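Colleague: Going down the list, the protein sequences come from chains B and G.
Going by my numbering, 96 is the number at position 96 of the first sequence; the sequence numbering is gapless.
Going by my numbering, 119 is the number at position 119 of the second sequence; the sequence numbering is gapless.
One thing to keep in mind: the hints can contain errors.
According to the in silico footprint, chain B covers these stretches of chain G (three or more CB under 8 Å from chain B) [said to hold, decoys possible]: (1) 192 to 198; (2) 220 to 226; (3) 248 to 255; (4) 272 to 283; (5) 338 to 351.
Hints were generated in silico from the structure; no laboratory data involved.
Predicted model only: the values in this text are computed from it and were never measured.
Beta carbons are placed, not taken as given, at the ideal position from N, Cα and C, and that holds for glycine.
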Amino acid sequence: MKIAPLVLAGGKPGLFEKLTGNLPKTYLKVGGRRLYQYAADALTATFGRVYVASPYPENAPYIYVEERGEGIEQAILTAETYLGAETHILLVYGDVYVEPAAYRTLVETAISAGADGAVLAVPRKATRGYGTLETKPGGLLARVGGESQWIFGGAALLPRDFVKTLMHATFYEALNQYAAVKKIATAPWGGVWHDVNYPEDILPLLEHVAPRYTYIASGAKVSPTAVLEGPVVVEEGAEIDHYAVVKGPVYIGRRTFIGSHTLIRNYTYTEEGAVVGNAAEISHSLIGERATIGRASFISYSVVGADAVVEPNVTTMSILREGRERLEPIEVRGRTYFKLGALIPRAARVPAGTVLKPGTGWQ
Amino acid sequence: MGEILRRALERLEYRGYDSAGVAVVDRGLVVRKDAGKVAEVATRYGFDSLQGVAGLAHTRWATHGKPDQTNAHPHTDCRGVIAVVHNGIIENYAELREELAGRGHVFRSETDTEVVAHLVEEYKRQGLDTFSAFKKALSRIRGAYAIALIDAENPQVMYFARNLSPLIIGVGDGFNIVASDIPTVLDYTRRVIAVRDGEYGYITPTEVYIEADGVPHDVASRIEEIPWSAEMATKGGYPHFMLKEIYEQPESLATTVAGLEWRTLETVANALLSARNVYIVAAGSSYHAGLVFAHLLPRLKITPIPIIASEYTTYENLFDKDDVAIAISQSGETIDTIKALRSMRERGVKITAVTNVVGSTLSRESDVVIYTRAGPEIGVAATKTFTTQVATLAALFVAALKALGYDTAQYEHELKSLPDLARKTVENTAGTAKDLAKRLKTRQSAYYLGRGSAVPVAMEGALKLKEVAYIHAEAYPAGESKHGPIALVEEGFPTIFVFSDPATREKTLSNVAEMKARGAYTIGTVSAKSDIAKKLDLPIEVPEAGEITAPILHVIPLQLLAYFAAVERGYDPDKPRNLAKTVTVE
Numbered sequence: 001m002k003i004a005p006l007v008l009a010g011g012k013p014g015l016f017e018k019l020t021g022n023l024p025k026t027y028l029k030v031g032g033r034r035l036y037q038y039a040a041d042a043l044t045a046t047f048g049r050v051y052v053a054s055p056y057p058e059n060a061p062y063i064y065v066e067e068r069g070e071g072i073e074q075a076i077l078t079a080e081t082y083l084g085a086e087t088h089i090l091l092v093y094g095d096v097y098v099e100p101a102a103y104r105t106l107v108e109t110a111i112s113a114g115a116d117g118a119v120l121a122v123p124r125k126a127t128r129g130y131g132t133l134e135t136k137p138g139g140l141l142a143r144v145g146g147e148s149q150w151i152f153g154g155a156a157l158l159p160r161d162f163v164k165t166l167m168h169a170t171f172y173e174a175l176n177q178y179a180a181v182k183k184i185a186t187a188p189w190g191g192v193w194h195d196v197n198y199p200e201d202i203l204p205l206l207e208h209v210a211p212r213y214t215y216i217a218s219g220a221k222v223s224p225t226a227v228l229e230g231p232v233v234v235e236e237g238a239e240i241d242h243y244a245v246v247k248g249p250v251y252i253g254r255r256t257f258i259g260s261h262t263l264i265r266n267y268t269y270t271e272e273g274a275v276v277g278n279a280a281e282i283s284h285s286l287i288g289e290r291a292t293i294g295r296a297s298f299i300s301y302s303v304v305g306a307d308a309v310v311e312p313n314v315t316t317m318s319i320l321r322e323g324r325e326r327l328e329p330i331e332v333r334g335r336t337y338f339k340l341g342a343l344i345p346r347a348a349r350v351p352a353g354t355v356l357k358p359g360t361g362w363q
Numbered sequence: 001m002g003e004i005l006r007r008a009l010e011r012l013e014y015r016g017y018d019s020a021g022v023a024v025v026d027r028g029l030v031v032r033k034d035a036g037k038v039a040e041v042a043t044r045y046g047f048d049s050l051q052g053v054a055g056l057a058h059t060r061w062a063t064h065g066k067p068d069q070t071n072a073h074p075h076t077d078c079r080g081v082i083a084v085v086h087n088g089i090i091e092n093y094a095e096l097r098e099e100l101a102g103r104g105h106v107f108r109s110e111t112d113t114e115v116v117a118h119l120v121e122e123y124k125r126q127g128l129d130t131f132s133a134f135k136k137a138l139s140r141i142r143g144a145y146a147i148a149l150i151d152a153e154n155p156q157v158m159y160f161a162r163n164l165s166p167l168i169i170g171v172g173d174g175f176n177i178v179a180s181d182i183p184t185v186l187d188y189t190r191r192v193i194a195v196r197d198g199e200y201g202y203i204t205p206t207e208v209y210i211e212a213d214g215v216p217h218d219v220a221s222r223i224e225e226i227p228w229s230a231e232m233a234t235k236g237g238y239p240h241f242m243l244k245e246i247y248e249q250p251e252s253l254a255t256t257v258a259g260l261e262w263r264t265l266e267t268v269a270n271a272l273l274s275a276r277n278v279y280i281v282a283a284g285s286s287y288h289a290g291l292v293f294a295h296l297l298p299r300l301k302i303t304p305i306p307i308i309a310s311e312y313t314t315y316e317n318l319f320d321k322d323d324v325a326i327a328i329s330q331s332g333e334t335i336d337t338i339k340a341l342r343s344m345r346e347r348g349v350k351i352t353a354v355t356n357v358v359g360s361t362l363s364r365e366s367d368v369v370i371y372t373r374a375g376p377e378i379g380v381a382a383t384k385t386f387t388t389q390v391a392t393l394a395a396l397f398v399a400a401l402k403a404l405g406y407d408t409a410q411y412e413h414e415l416k417s418l419p420d421l422a423r424k425t426v427e428n429t430a431g432t433a434k435d436l437a438k439r440l441k442t443r444q445s446a447y448y449l450g451r452g453s454a455v456p457v458a459m460e461g462a463l464k465l466k467e468v469a470y471i472h473a474e475a476y477p478a479g480e481s482k483h484g485p486i487a488l489v490e491e492g493f494p495t496i497f498v499f500s501d502p503a504t505r506e507k508t509l510s511n512v513a514e515m516k517a518r519g520a521y522t523i524g525t526v527s528a529k530s531d532i533a534k535k536l537d538l539p540i541e542v543p544e545a546g547e548i549t550a551p552i553l554h555v556i557p558l559q560l561l562a563y564f565a566a567v568e569r570g571y572d573p574d575k576p577r578n579l580a581k582t583v584t585v586e
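With the rest of the complex left out, here is chain G (with noise of 0.2 Å):
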């Protein structure tokens, strides 16, 4: 049994690899469950030696409570019977919690899952059988779950419910599985059926019972025959991850701009307006997300100074105890950035951090913490982490204009219509982005241009192209283009203009005309309302947004075209060569 969950965690680990762990029943319940990767964690805890009737198994990506052993799934009821995993997020969990801790119930996690075991054990407490408690416990969660549950007091039953998040059952002979995707359980059998939202049900070694508002569903008609192997599996139906990320940014967005914390913003907008330096520290994707932020400040009177994490012993002289440094880390682990955070914490710099990973040693060293919500990232070229990076520090902006009286519902409207905008880019603009990456395959180099918050736009899709098609680009402010780099270009040698910022349109215009005097072929993400497309030899045309918003719609394409340029020279794009997920050595 152990052996069977360690495994199928395994093929589970793209989606949370923050902590993992495991209850069987064997004459009561054994949990076992630890923070690391599965494999870590697995063979510390000797997964593969347990032995039981029924196992539940969790890989986690935390999103309530930092990943360390207490919040790691399963969890379990007050007398460690009952064991719950959960994949998705129980909205009213507090209230929940509130309610079952008046009643006598202790909570161990910070988790919104634990909810799930405590309730179950309440209606068990008032005399409903196992199932009738698990229903109950349902009828009261709201929010997008995919829950499986066993009962050491009832060992052969296995329950699980599904709203919003994947769920599929695998029918074996003589054994059943519940699992979060397909190829998880095609190791054991190739029969699946998919549970839809809504259903509820249980599995025994022999049966599964569906049903969805107390009707019973026919099982048997449902049961689909996979005719493939888990190692031909794609990634959830995707040939890459980074194709999934790119194509997912509308929902990580949505994810983003909806939990945004904003009394947490209040307060870093406050420190930022009060400060004497305002520091911007960041490596890689995540310092061009820093230097998009960079670009407003001077709005606010606030003269930021970015740093390169690397490169922050230039600045060790400046770091003081009035300053306020913003840290920006999709993983929370970078070790520059982390070098950097610690030389201006020794020096009193108050420090603020963005990060993905709940729980991060970057968030663990930080006096305040910003979430994004991009979940997961596989891939290892950053795409919807750092869209998603961009539009929190927009939000950090907008509150800081709230503190100093500015009406910013204009603002808050752009923000609420992104998640939109971001599905219309990536809709409009792949066909051109392909087009186009079929033209570059062939070339060496390519330049990325643009003027003010296009700059770091731009940079941004340099270094994509670079990461996985392995095409050397240069991002260069598009007027000091001039002053050298312009010596390079030849007849059809591609220039990409990222027409992000309304403010700069004209003077990059210019630009483009003298790139285009050369024999440059210009390429150019405009506004879809501009007539700028006229003045280009391919426009990208990307949605009409707003000023903060830009950024994050027009580096799309860039990635988009990062990516097909990858597959169509044959080059693996969710494995850059050279090249980690996540840099921990300087």
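So that you can see chain B by itself, here it is in the shape it has in the complex (with noise of 0.2 Å):
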């Protein structure tokens, strides 16, 4: 078995056009990363390289292959054209984030069950638009589909004798067809396993992929009265001006502006160029591609698109913890948050002094 590891990058954008606009979801940037890269980098560190499967090739240290065609069955029948001489794929989805671990588990879990394959299993009580697991003696794949709260978790390692049935077949009738006949073991994840599959996923990532470390590039420019508490990662370029304060985890993209009398609490990206006015307050929240956060705004739990501008004396309106206060948590397709800002889309302008409800612009 030699493996050839497989992003899948592509896809429509769906609702996360308002933050990426044709670009598919992965392209999302956070922490100076597309989203689809924090699994693309995991593969490279274990196998040497990696294959990523979209429509927009970059100029990253990946092998692309370019995506033709709609849906995962498409972008895994071209990209089998350009593997060489491997005999496995490791397929992951770029819009689900684990831990490396996981790859591991799979290879090992297939080579210790002596089946062809493997697929990742993740508990889960909401299990609509995933596919189900059921399994058989000795935990094989019985079959995808049925009421088992294991969903098929976005990573499988699979025989390449396996795509010729996505010619005919979708990937979930393909994997029953092919656990029928063959072997495939369920590899079960009970670690940090996260799907972005809505806008309103980003935030808990932000917990997920926060900086364990502190680091502080040599041309980044961090003045004398500024307090950084870590883990914070300041890239090159960036500029922390008087007094602001900076709690970690934080992430301070390439050239960002952080204002004097700032306090940017955990769990704040600032992504490249992007510009943060005096005495603005955030936390929890990311701030995307030179975008601008007017003076003394407070943005929590928020996502702001690129190129935004909000106005000074913004307020993003978020809610009190559950058992503080008898508040209503706000709900979003059906899951209740009871901490939830706003999402200001790319490129868009929030005027002066507005204050912007828990929940604005998720749906």
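Assembling the complex is the task here: the two chains are given apart, and the hints tell you how they should meet.
Modeller: Now the structure itself:
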């Protein structure tokens, strides 16, 4: 078995159009990296190389496979034609964040079970929209479908001849056909696994991928009166002005400007070229590339798209934590949130003094 | 060679750890083995200084024969020329052994493995070369196995075979390795071939040969490159042993049910029925398994006396020669249980041990032993060993009913369907348990309530949460919760009800209402077909099961909950602080 790791980075943006325009949702930048790069980089670290299937190849250190047609089936079929002598494909969804140990789990489970392949099984109660995995003796995959609360976790190790099945079947149908004749092991995964399905899924992601160490690039400028409480990453060309307080984990992207007297609280990400004006306060939020946060604004549990302009004195209201105050939680797509600010689309302009109610813009 | 074998054994210790041994070919066969952990045996017998061109090593988890020097692997033939190690069970070993003994072969151990060495010896004596003799031997054995064999008269070759037990080959430069799992070979090579069921063959320092049904298989195309080191490798593919052990409960229950020795159960059942007093003595999870059993005994007109092992002195004056005790311990080495047992023995109490470890102190010092067949459990928190204990004791209850002349067909069917229902339970409750774990992770405290035989299930659930997630959890009989504990309940207080006992459902429901009225967040394990679900804030639906197996199914989501809560809180569930797998201090 020679393994070809393959990240599926394509797909329609759907609700992410507000943030990524025509680009797939996996192209959203979080912490200086596109979403799919978290999987691609982890796979490169393990396997030395990675194939990335996408309609929009970039100049990054991966082997890009230009995706034609629609759906993951076409993406896999196309990618397969690019492979060399590899016998297996380690398939990973670009919009799923999982600890890298999960990839090793897949390979080891397949080999230990003497199986032809393996699928990552993740516990989940709300299974709608996912492929549920039913097992048979020995932890082998019986079928996709049914009442199981273990879902397909967006990562699978499959023999190359599996790909042929995809010509006339969907991915799950193909898995069913394959599991009927070959041995596919299920690899249960109880660790961190996060699917970025909708824009609101970005907020928990900020916690999963947060910096765990402090790094200040040599070309960054941090004023002597600024206070940095780690872990904080400050990238090349960034500037943190006087009396700013940065309480990690925080990511300050390349060439961003953090104004004086700002309070940058935990799980804040300012992407490349963002500007945060004097005395603004930000927590648990993603500030997109080149976006501007005007002076004295308060941004919390929010996502601000690239090139957006939030004028001075804008407040995003989020809601108090459950138990402290009896407030009604916010419901988005059937899920309840006790803390949710606003989604401000790319290139949008929020007028000065606006107060955005909790949960604005996510629907 | 000796050092390579020792290091490989240390990596394999999670597969069993009651005895260890090595064999090397160096101008003849040298075998060193004994009972004990790898490090102990290796130091005692100087494994590291052994030289040779080929070597075998094994760490054992006893299934046939107690762990001692003779039963430790490798096993040899009569002349001490052939050595074999084996993982799995050879089902027809008894008849083969008889046949070979009839032809003059002398057996030293009680193991199923030894027949392989003698079979090969026998066929070699009939004129076959070693490989042909090995193949012919394989055609005679039935069961699950991964086998490796060396022959000092053919020193550069190692023979192997796989059927249902894992086996891989590490392909090196000028050497080759056969092993049970991947991490074992990663220190020496990253190139690995997974041997499939029904395949066999041999390795030499420069060649790997595999065939199945007499047809050679291509080897080169099957070499897999493992890009990570042994240190990075996972535990047989699982992030934690605890998850592995929860996930494989359908398999361990299937093995336990299939391996029930009904004749022994019958003997014990008769003793229970005619005893003056029946004691159930155990500690921790084993005690909870004993309590589940204790709840069944009044149905046989038996008044059980459950004793927490460390508290046995309170009952010492009762112990007498007409009494019977069931002593339960996974490891068979729990000091509290052994102390209690010795006190009982001195006073003439007949002891039946329920243990997972063949040849353990508990099994040696008891009159009758019933083994659970959960396999080695590495996670400190008991999971599969608890459920197999409950299943084994349920079978004992069935044996007693049978002895009283009742029709037990329905119960026996219940036991048979248990593995499949357990699989369904692991599948259908994991997501809910994960969601609940996220909710519980910031909590300080929780209640686990039930009535009847659900009380010990609640106790076991609470113990798991305490052990691995470090959240204070208290189990109570639901009706008793009004007498004090309810004072703590405030808005959002998590209260987990166990609805495994159908006889007490209605009454437990009134406790749900009481808790709810005080703002508790009510959770419950409920049978999938019942309408109780609607009355709870969060129902966890478990497949419908009969009364003797329901406790097993209902504990599974509670195990999953504790595991996920530990992971959510950032703790390692396999190594909880302050706890040891086997408690050997008073």
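Colleague: Does each hint hold? Answer for all of them.
Modeller: Structure-based check of all given hints:
1. 192 to 198: holds (count 5)
2. 220 to 226: holds (count 6)
3. 248 to 255: holds (count 4)
4. 272 to 283: Result for this restraint: violated, n = 0.
5. 338 to 351: Violated - the segment 338 to 351 of chain G has 0 residues with a Cβ nearer than 8 Å to chain B, which falls short of three.
Hints 4, 5 from the earlier list are contradicted by this structure; the remaining hints agree with it.
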